[in-house]
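**Q** So the sequence lines, in the order shown, correspond to chains A and B. Throughout the first sequence, residue numbering follows our numbering, covering 1 to 82 in sequence. Throughout the second sequence, residue numbering follows our numbering, covering 1 to 575 in sequence.
Please keep in mind that the hints were generated in silico from the structure rather than gathered at the bench. We put the beta carbon where it would ideally sit given N, CA and C, even for glycine. Hints may contain errors.
Unchecked claim - Derived DSBU-like pairs (lysine-lysine); straight-line CA-CA distance at most 35 Å: (1) K428(B) - K51(A); (2) K20(A) - K283(B); (3) K214(B) - K53(A); (4) K283(B) - K76(A); (5) K51(A) - K285(B); (6) K20(A) - K214(B); (7) K23(A) - K283(B); (8) K53(A) - K543(B); (9) K548(B) - K68(A); (10) K543(B) - K51(A); (11) K280(B) - K321(B).
Claimed, not checked - Below, a sample of chain A positions facing chain B; criterion: calculated Cβ distance under 10 Å: (12) L34; (13) R50; (14) L52.
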Amino acid sequence: MNRTELLALFEATATEVVEKPFKNISEGTVISELGIDSLGMLEIVGAMERKLKIQIPDESLAGLQTVKDLLEAVEKRITASA
Amino acid sequence: MKDPRLVPPTLVDAVNELARSSSLGFTFARADGTERHMPFSEIREEARRRGAHFASRGLVKGDRLAIVVPDPDEFVLSFLGAIFAGVVPVPMVPQLSFKNVETYHDTVAHIAEASGAKMLLTTEATRPYVEPATSRIEGLAKSPGGGIMTVADLSAPISGEPNVSIGGDDLCFLQFTSGSTSKPKGVVVTHGNLAWNSQSFMVHGLEKDSSFDKGVSWLPLFHDMGLIGFVIGPLFTNIPVVFLPTASFVRNPRIWLDTIHKHRGTITYAPNFAYQLVSKRLKEKDVESWDLSCMRRTGCGAEPIQARTLREFADKLRPAKFDPASFIPSYGMAEATLAITFTPLGKGIRSDRIDPKDREDAKATPSDAPEAHELVNCGRPFPDHEVAIVDEEGNRLPDRKVGEIVTRGPSVCQGYYQEPELTAAAFKDGWLHTGDLGYTVDGEVFVCGRLKDLIIVRGRNFYPNDLEWVVSELPGVRRGNVVAFSVDGDGGEELVICAEAFQSEALGLTDAITQAILGHFSLNVYKVVVVPQGTLPRTSSGKAQRRKTRQMFLAGQLAQAQRVQGAVEEPSPTA
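Just chain A, same shape as in the assembly:
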């Protein structure tokens, strides 16, 4: 799964979880400006983990600021579990 596909997956998952459409999210989008609280973000991460059959350790989520940071953490787990 490449970066564009991952970004699309994130957008789709966020839309599902928060039950609101998310469009025009880019890698540079700052997570805290998405208007999703941290509980909601964790729900999104959980849903992405299930779809991708991966597990992201909590500590690699702690410092994330942008969507790019999150996608990189996801990518790292995909590579690690491949």
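Model the placement of chain B on the given structure of chain A, informed by the hints.
**A** Same frame as chain A, now just chain B:
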């Protein structure tokens, strides 16, 4: 303070007793699904070993040790290790994902400073997120090694055992409250408080039976409900518990019930929002695979309880044989150690529907009208404890008159650590003034809201919860993302509503909110502020902070957030 009759007098005695006579233990489930089971005897041994490590680092009886450890097993063993060494643990929230880093560092620095911590314990993985704050803390900086150590340091072999004598009046740990107030305060919790409260909720409240009861909890261990409810209470009363990481539950709420099903859990507790999250996320096929008839104590506390949420949960789980009579709505707070009132076993949710008009006049009159407010019965106090409702002068009020809830008894703590003024304001002649508004009916307690948050407009009393719930029902607003408070206007208090919404739906919401409040309460809204999601300040447990939101509003910071996001129209005064 005299010792309780049915449990040991201190946590140390309790763990020693378990190691001698119990074959039970704690099970720690990890995020990857593996489990670590530790019999109580092994837990004691490891705790004493860790205690020796703390002593070897120069910590002596009464010294405070800040603990920032997210892994439940490492947390519990280190927490107990400190207690065996007579050291006072100060549990702290680990950095939550996607939160503002500076705010987190401020909280860490504040708690470490206020507790006078000599040392901070963390993990290798968490250390990078804590360390930037520790250099700012004077007490730590003076300690050898910068006052920071990790659980890896505790794995080295060590000789000797902690040898301190500990009694019921000794300080056990400092519970910093996340309260909706300004800065967290450290509640002084003694061994005696813990013994009494554990006896109260485990023995009198839950009527625990060590031959088959088993707790299942994902609650954070830096909060009283997770730490006292599922670590300390069960240690005092010989109950096994399965712990799940909090983040695992949020990512996948079905893990909670899945674990209860697998382990045949009998006792669990959660705040209202968790029951709501489960109802929202569960799929039918999840429910079909479970047999939850084992759940005999399903507690709800720590935030206002909505009867509707619990009913939805019960409906959804009926095919899994969940018994709604197992619900135990409860009321409590850190200043009273943990639990203050429990409902009687087997009764489930009982609620009171009261007239909103009379409520404005501090009366709770039963009503069958559709616009009546439903409040959940939180039950009565435990043996040796009392609850009363008082007015502003401290006079006791009769049933169905709304006033401040006060409580006294051996579970009530002595005060806030090194905060004499705050202590004097809340603890008066042995009575804890909870700051909560409520009323009683035949000795059973109903909680209406926080005293300081009460909104009084032209002599009518309004509870922010009521107003927020009505606004939350509007399309475009998510439950829990609304804050109501009052500001001083020309002729007295005026109502302000702040709601989070998406840009696409923000337009027109101001009018809808104004209309809803007018329709339900015949109350004019002075200002509606619609802000982008994520703007409202929250406590570490995710509750919106009313007072902080009010401060931000008065400082013009909420309007600013709106401009940056370019979300909606200007807030318009509607009075």
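**Q** Each hint needs a verdict: does it hold in this structure or not?
**A** Against the structure, the hints come out as follows:
no.	hint	verdict
1	K428(B) - K51(A)	55 Å, violated
2	K20(A) - K283(B)	20 Å, holds
3	K214(B) - K53(A)	31 Å, holds
4	K283(B) - K76(A)	30 Å, holds
5	K51(A) - K285(B)	17 Å, holds
6	K20(A) - K214(B)	39 Å, violated
7	K23(A) - K283(B)	27 Å, holds
8	K53(A) - K543(B)	31 Å, holds
9	K548(B) - K68(A)	31 Å, holds
10	K543(B) - K51(A)	29 Å, holds
11	K280(B) - K321(B)	19 Å, holds
12	L34	7 Å, holds
13	R50	7 Å, holds
14	L52	13 Å, violated
Comparing the model with each numbered hint stated earlier shows that hints 1, 6 and 14 do not hold.
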